[in-house]
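Enquirer: Sequence:
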Amino acid sequence: MDKLKQIFDLQQELNERIGVNLENLSEEGKTAWVLNYTRAMQQEIAELIDSVPWKWWAKYQKFDEQNAKVEIVDLFHFLVSLAQVMGMTSDDVYEAYLKKNKVNHDRQNSGYSVKNEEDSLHI
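The numbering of the sequence shown is the numbering used here, which starts it at 280 and goes up by one.
You may find that some hints are simply not true.
[To be verified] Cross-link-like lysine-lysine pairs, in silico, DSSO-like; alpha carbons within 27 Å at most:
1. LYS394 x LYS284
2. LYS379 x LYS284
3. LYS394 x LYS379
4. LYS378 x LYS394
5. LYS394 x LYS381
6. LYS282 x LYS348
[Stated by the list, open to error] DEER-style ranges, computed between Cβ atoms:
7. GLU292 x GLN340: 20 to 26 Å
8. THR368 x LEU400: 17 to 23 Å
9. LYS381 x GLN285: 24 to 30 Å
10. MET280 x LYS381: 34 to 40 Å
11. GLN387 x ARG296: 38 to 44 Å
12. SER305 x PRO332: 43 to 49 Å
The set of hints was computed from the structure by calculation and includes no laboratory data. All C-beta atoms, glycine included, are put in the ideal place defined by N, C-alpha and C.
Given the sequences, and given the hints that come with them, work out the whole structure.
Expert: Laid out in structure tokens, this is it:
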């Protein structure tokens, strides 16, 4: 089985178990869930930051690599749910990633001296 599809299936199963149904959302529902998941991701990013010794004034901190990995996976949970809110399947994410990756390489090849929003409209 495709690993990314399996992750999407598992996330849908978890969301349903929690009582979250992301199918056929209204625009208002999508807005609410985009905000819910992006806020959750902000919190997970804060927890990831706390896994590394970022306080230059404090000498007691240690790099908690194990926790950093867990926070990355937590972020991925919410990111997959966010894609599902937008009606994206694992195939949609994969195809969009390939296209956007090409745009990013093209931008680097041209020196990325100008940002052109139109180069991403086809994604």
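Enquirer: Regarding the pair LYS379 and LYS284, is the alpha-carbon distance no greater than 27 Å?
Expert: With a Cα-Cα distance of about 19 Å, the restraint between LYS379 and LYS284 holds, given a limit of 27 Å.
Enquirer: Please work out if LYS394 and LYS381 have their alpha carbons no farther apart than 27 Å.
Expert: holds (15 Å)
Enquirer: Does LYS394 pair with LYS379 here, judged by a C-alpha cut-off of 27 Å?
Expert: holds (14 Å)
Enquirer: Cβ-Cβ distance between SER305 and PRO332: within 43 to 49 Å?
Expert: holds (44 Å)
Enquirer: Can the suggested window of 34 to 40 Å be confirmed for the beta-carbon pair MET280 and LYS381?
Expert: Given range 34 to 40 Å: violated, Cβ gap about 27 Å.
Enquirer: Check the following: the C-beta atoms of GLN387 and ARG296 are separated by a distance inside 38 to 44 Å.
Expert: Check passed, 42 Å falls within 38 to 44 Å.
Enquirer: Taking the Cβ atom of GLU292 and the Cβ atom of GLN340, is their distance within the range 20 to 26 Å?
Expert: This hint is violated: roughly 37 Å between Cβ atoms.
Enquirer: Is the hinted range of 17 to 23 Å satisfied by the C-beta distance from THR368 to LEU400?
Expert: holds (21 Å)
Enquirer: For the pair we were handed, LYS282 and LYS348, check the Cα-Cα distance against 27 Å.
Expert: With a Cα-Cα distance of about 18 Å, the restraint between LYS282 and LYS348 holds, given a limit of 27 Å.
Enquirer: Looking only at beta-carbon atoms, does the pair LYS381, GLN285 fall within the given range of 24 to 30 Å?
Expert: Cβ of LYS381 to Cβ of GLN285: about 26 Å, so the range 24 to 30 Å holds.
Enquirer: What's the verdict on LYS378 and LYS394, does the C-alpha distance respect the 27 Å limit or exceed it?
Expert: holds (16 Å)
Enquirer: Do the alpha carbons of LYS394 and LYS284 lie within 27 Å of each other, as the hint requires?
Expert: violated (32 Å)
In this structure, the hints that do not hold are numbers 1, 7, 10, in rising order.
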